[in-house]
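**Student:** Heads up, the sequence shown is in the UniProt record's numbering, so the first residue is 1 and it goes up one at a time.
Careful, some of the hints might be misleading.
Unchecked claim - Calculated cross-link-like contacts (lysine-lysine; reagent style DSBU-like; alpha-carbon spacing at most 35 Å):
id	residue 1	residue 2
1	Lys39	Lys99
2	Lys18	Lys39
3	Lys22	Lys52
4	Lys55	Lys22
5	Lys137	Lys53
6	Lys36	Lys144
7	Lys99	Lys62
Stated by the list, open to error - Here are the computed distance ranges between Cβ atoms for each label pair:
id	residue 1	residue 2	range
8	Lys33	His93	41 to 51 Å
9	Ile82	Ile25	33 to 43 Å
10	Ser141	Ile117	35 to 45 Å
11	Arg30	Ile111	17 to 27 Å
12	His93	Lys36	32 to 42 Å
13	Asn142	Arg79	40 to 50 Å
14	Ser94	Arg30	18 to 28 Å
15	Lys88	Lys160	36 to 46 Å
16	Gly113	Lys64	25 to 35 Å
17	Gly130	Pro95	57 to 67 Å
18	Gly113	Met41	27 to 37 Å
19	Asp65	Leu139	34 to 44 Å
20	Ser114	Met41	34 to 44 Å
Treat the hints as calculated values from the structure; they're not laboratory data.
The beta carbon of each residue, even a glycine, is placed where N, CA and C say it ideally should be.
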Amino acid sequence: MIKFFKVNNNIKKLDLKKLRLKERIIRITRVSKVTKGGKKMRFQAVIALGNKKGKVGIGMAKSKDTRDAIEKAKANGYRNLINFPITKSLSIHSPIIGKYKSSKILIKPAIIGSGIIAGGTARAIFETAGIKNIVAKQLGSNNKLNNAYALFNALKELSK
């Protein structure tokens with residue numbers, strides 16, 4: 001399970017270049033909350049962070065401005081970083097299934113030269129993690145956020 005942290009306005013912006021982390025935006029959506037006074041619009045950002053050497057994190061945050069939502073999601077992803085082993089063929093060592101709510105994702109290692117055979121969410125996470133040869137299939141829900149968490153749970157299982 002991914003833990004969410006509140007980000008204070010006092011926290012300095014993360015310098016990803018200094019930390020040698022790459023980022024990929026998985027999804028930015030406009031969400032609204034209906035109240036008695038009307039609709040409150042906010043933006044939700046989902047981001048994958050990684051160092052291309054087996055360290056990856058996923059962050060999700062909401063804010064009134066897209067730029068603030070992205071910065072908060074980066075901070076959240078930095079707090080959720082995990083390490084997992086990568087083989088010499090830039091793949092994983094064994095097949096695994098990750099689950100989160102109604103989303104499942106099946107991940108299998110692939111031979112050298114096959115590339116990343118996966119959907120958009122999984123591809124973004126694998127690219128930031130540094131995996132080059134892998135096969136992934138999304139089963140169940142096709143919600144990008146839940147699929148990202150399912151993949152994150154699978155990679156967390158590999159790290160144990």
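**Student:** If a hint holds in the structure, say so; if it doesn't, say that too.
**Tutor:** Hint by hint, here is what the structure shows:
1. Lys39 / Lys99: The hint holds at about 33 Å.
2. Lys18 / Lys39: Distance of about 39 Å is beyond 35 Å: violated.
3. Lys22 / Lys52: holds, 8 Å
4. Lys55 / Lys22: Distance ~10 Å between Lys55 and Lys22 Cα, so the pair holds.
5. Lys137 / Lys53: holds, 22 Å
6. Lys36 / Lys144: holds, 30 Å
7. Lys99 / Lys62: holds, 24 Å
8. Lys33 / His93: 41 to 51 Å: Since Lys33 and His93 have Cβ atoms about 44 Å apart, the given range 41 to 51 Å holds.
9. Ile82 / Ile25: 33 to 43 Å: Hint violated: Cβ distance 20 Å, outside 33 to 43 Å.
10. Ser141 / Ile117: 35 to 45 Å: The hint (35 to 45 Å, Cβ to Cβ) is violated, given that Ser141 and Ile117 are roughly 20 Å apart.
11. Arg30 / Ile111: 17 to 27 Å: violated, 42 Å
12. His93 / Lys36: 32 to 42 Å: violated, 54 Å
13. Asn142 / Arg79: 40 to 50 Å: For Asn142 and Arg79 the Cβ distance comes to about 27 Å; the hint is violated.
14. Ser94 / Arg30: 18 to 28 Å: violated, 40 Å
15. Lys88 / Lys160: 36 to 46 Å: The hinted range 36 to 46 Å is violated for Lys88 and Lys160, with Cβ atoms some 21 Å apart.
16. Gly113 / Lys64: 25 to 35 Å: At roughly 46 Å between Cβ atoms, Lys64 and Gly113 fall outside 25 to 35 Å, so the hint is violated.
17. Gly130 / Pro95: 57 to 67 Å: Violated, since Gly130 and Pro95 (Cβ atoms, about 19 Å apart) do not stay within the stated range.
18. Gly113 / Met41: 27 to 37 Å: violated, 46 Å
19. Asp65 / Leu139: 34 to 44 Å: Holds, at about 35 Å.
20. Ser114 / Met41: 34 to 44 Å: Between Ser114 and Met41, where Cβ atoms are some 43 Å apart, the hint holds.
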